[in-house]
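Colleague: The primary structure of each chain is shown beneath.
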Amino acid sequence: MYRYDEFDERVVRERVAQFRDQVARRLSGSLTEDEFRPLRLQNGLYLQLHSYMLRIAIPYGSLTARQLRQLALIADKYDRGYGHFTTRQNLQFNWPKLREVPDILSLLADVDMHCIQTSGNCIRNVTADQFAGVAADEIEDPRPIGELLRQWSSLHPEFSFLPRKFKIAVGASENDRAVLKAHDLGVRVVRRADSGELGYEIHVGGGLGRTPMIGKIVRDFLPRGQLLAYVEAIMRVYNAEGRRDNKFKARIKILVHEIGLDAFRDRVEREFAAVGVAAAQDENEELTRIAACFAPKPYARLLARSDSFEAAKALNPAFADWTESSLHPHHVEGYAAVTVSLKPIGGVPGDMTSDQMRAFADIAERYSFGELRVTHAQNLVLPHVKKDDLFALWRMLAKSDLAADNAGLITDIISCPGLDYCALATARSIPIAQAISTRFADRGRQRDIGPLQIKISGCINACGHHHVGHIGILGLEKRGQESYQITLGGDASENAAIGELLGPGLGADDVPPAIERIVDTYLELRNEGETFIDTVKRLGVGAFKTAFFVGERNEAA
Amino acid sequence: MPALKNMPLPAILVANDLRDGDVVFRAADGWTRDPRAAAIARDDEAAQALERAGAAATARQEIVDAYLIDVDIRSDGAPVPRHFRERFKTLGPSVRPDLGKQAEFVGYARAAAE
Amino acid sequence: MKLLDGAGVRADDYERADAARAQALPAAIVPYAELAAAPPADGRRRVGVEVPNTVAPDQIAPFFGRLSLIAVGFPTTGDGRGFSLARRLRRAGFRGVLRAVGPLIADQFPYALACGFDEIELPDSSAQRQPPTQWKRAGAAMTLWYQQGYARPASILEQRRLARQGGQNV
Ligand code: HEM
Ligand code: SF4
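Protein chains in written order, with the working numbering: chain A, 1 to 557; chain B, 1001 to 1114; chain C, 2001 to 2170.
Do not take every clue at face value.
[To be verified] Calculated pairs, BS3-like style, for lysine-lysine (alpha carbon to alpha carbon, straight line, at most 30 angstroms): (1) Lys-399/A to Lys-77/A; (2) Lys-1101/B to Lys-478/A; (3) Lys-247/A to Lys-1101/B.
[What the hints assert, rightly or not] What the simulated footprint calls covered on chain B by chain A, stretch by stretch (three residues with Cβ under 8 angstroms from a Cβ of chain A suffice, anywhere in the stretch; the number is not a length): (4) 1013-1025; (5) 1037-1045; (6) 1060-1071; (7) 1090-1099.
[As the list claims (entries may be wrong)] Each pair of labels, with its calculated beta carbon distance range: (8) Pro-2132/C to Thr-1032/B: 38 to 48 angstroms; (9) Asp-5/A to Gln-2023/C: 51 to 61 angstroms; (10) Arg-224/A to Asp-2042/C: 42 to 52 angstroms; (11) Gly-2008/C to Glu-9/A: 26 to 36 angstroms; (12) Arg-99/A to Arg-2137/C: 18 to 28 angstroms; (13) Lys-77/A to Thr-1032/B: 19 to 29 angstroms.
Rather than coming from a laboratory, the hints here were simulated on the basis of the structure.
We put the beta carbon where it would ideally sit given N, CA and C, even for glycine.
Go ahead and model the full structure; you've got the sequences and the hints to work with.
Modeller: In structure tokens, the structure reads:
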């Protein structure tokens, strides 16, 4: 894990003092709300429906036990005893008071944390593959690049008042677990087949929101040492030329779309030439310094096969179920990365109580070198668990109600806060997630259905990633009622795709049965061993329309 | 003052407290956290008076995001927003009945849910 | 209108004028449309131009030698195009005074200076609410930065490198 040095520490301390001063100026009337808004947003502070909301950065999704304990303390002292993990690997508190936010920031700074640029029209918190540093399929740990970008983008003098927000994700494997292509900028570490040289593949212009677009490759190989210069060039072109006349057309995806990828690339390359790569040496040195913080853990030497683990599975079917959905291969023999679902049946996706945070911090210390990750699917990961420890771990998780055995299955639903909290929402999303989860509670049935991602947003802004859900649900308002549109065939993987609308909007109560009909159609039409998304891709959305409409009519009758 | 053409009545004025973020309502005198104590405007003139009070309090850094919402008046005299969004705003998150005004003003919330 | 620079509030020597009137003034800022017609700056006369933040630096570069000041418009607080324009004007070789004109807030002051501006001209509406002491304080709020190559002292990266080299020498 990255540890702040004296400079990082001073930056966040000064930033806390600066925000304290900004709040004081707002309360005294020196700053109007219009002037203060960009300042508070750049510090992750929103005004929601019931209260303020504070979004805390969890850079590239990595967190330590000590940090999680501090979050629990803040939840108890300044909020209502819980937090909400988001699809951008942040944590949101829903009830902070403006006058107390500076004190919260100070507590965060005590554990190398902050809220810098978790909102606002600036470069946002950098996200990463949740299995970074662990995955067997990665070229290298992409988090040092994430940290390099985090530092470079923090309080940037030129790029803090962009046309719109700017989101960066980093990854280093073929299998994209960070939704790189749905980001304004995606950086993937690649290795040249001929020379073995490491470099970056740069994706630009992805994004969800009301005009979802899949990112395009603007540079297929950028040599090491040139990343910051290249990103600076992209940012300068965007800052100068991105649209500012219409907020909904202000993301970089629209610029790339309107002038075309080739024209955009020309401008970036010209700017890149002017910026120059004089600092390549510095960048490489800095990357080496950062990477040292992410050095491999002192792993034990173990056999790939754990007899005690196999025996526990054989004796305990509930444990076996949990392992089936929760384990991801670790590059070190005898270890596994464990996904801990924050989606108990009927629960609020991504919510965690302060008691759970403390218990989980203890667990992470005991079983995973004190380290954990936040996933974009609103779950947690214990990255380094000995297979020998899995059974004990599972029992401890169960004590804190953290042993849901549904990671990756139909009840592992992504949901934005929706109208239960969000001032922009047109409908609720959490209750829809809860109803679907309850309907598909049966583990055997979930297992039979297999991997299936449902993603729900409470408005067109698409925070819940509904566009890239295998089944996407979008909450809207229709004639004074909450109404839900269902899309099919979205994909958040390296085969990223935007879902297609299935039919007219449904009332809240009609959503779970409609999902059920879609799933039943899949079960009927699938080939042996074929997943939901593959069946949809093979047959097209049309094959599911009949079931959707038949049900529509039945229920209307 | 912006013209209030077509603003359905009766209406109350809702806002967030600047310091704490809490949802507050314009009362006969000052601000209240209790929806039952909200001043109810039954004609355009009263609605405009509420808006003026909101603008003045905004200028004094007391509140932010003040706007009128139209309500139904229950038999006990308490106002209940007609739009579901504003109902959630007055009550709290529907998925956490232990939080927000619904937890504080239980009687009001129970009746509003009907 | 109020003019601020790194040292505090300053008197504004420049007057807004069209090209013809600029001939007779000791210091004038002409609109962008009149740039070609404006008299050149020389030992006795200072001449500036006010440009929109959408202007291409190449378009004004041929005039750099005749200009003692370029004023860049910031139409709103949130419109950051001027920051990049300042960077590009400096990179293209402009050595005169760069002025930001518009409703910037104190917290943007250090950013503006780092991007190459020398001074900020504020509308009265925001100048009244934000006294100069606030601008001074905001300017000093952050004493460290990660980005290299902006108009301010050594970045954190440079300081780290110095610390490493220092460490090696002992
Ligand atoms: C609760 C208050 C929130 C507000 C006011 C808010 C606001 C927005 C807005 C306005 C957009 C659209 C941006 C655009 O299209 O330009 C957006 C997109 C997005 N937000 Fe949120 N959001 C909130 C919460 C969340 C949460 C809880 C998450 C994670 C669960 C999240 C993650 C995202 C993501 C992933 C996107 C779409 C990706 C993209 O920007 O292209 N947001 N949000
Ligand atoms: S998708 Fe809409 S409702 Fe959901 S969090 Fe984003 S802005 Fe709010």
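Colleague: Okay, which hints does this one fail, numbers in order?
Modeller: Going through the list in order, the structure violates hints 3, 5 and respects the others.
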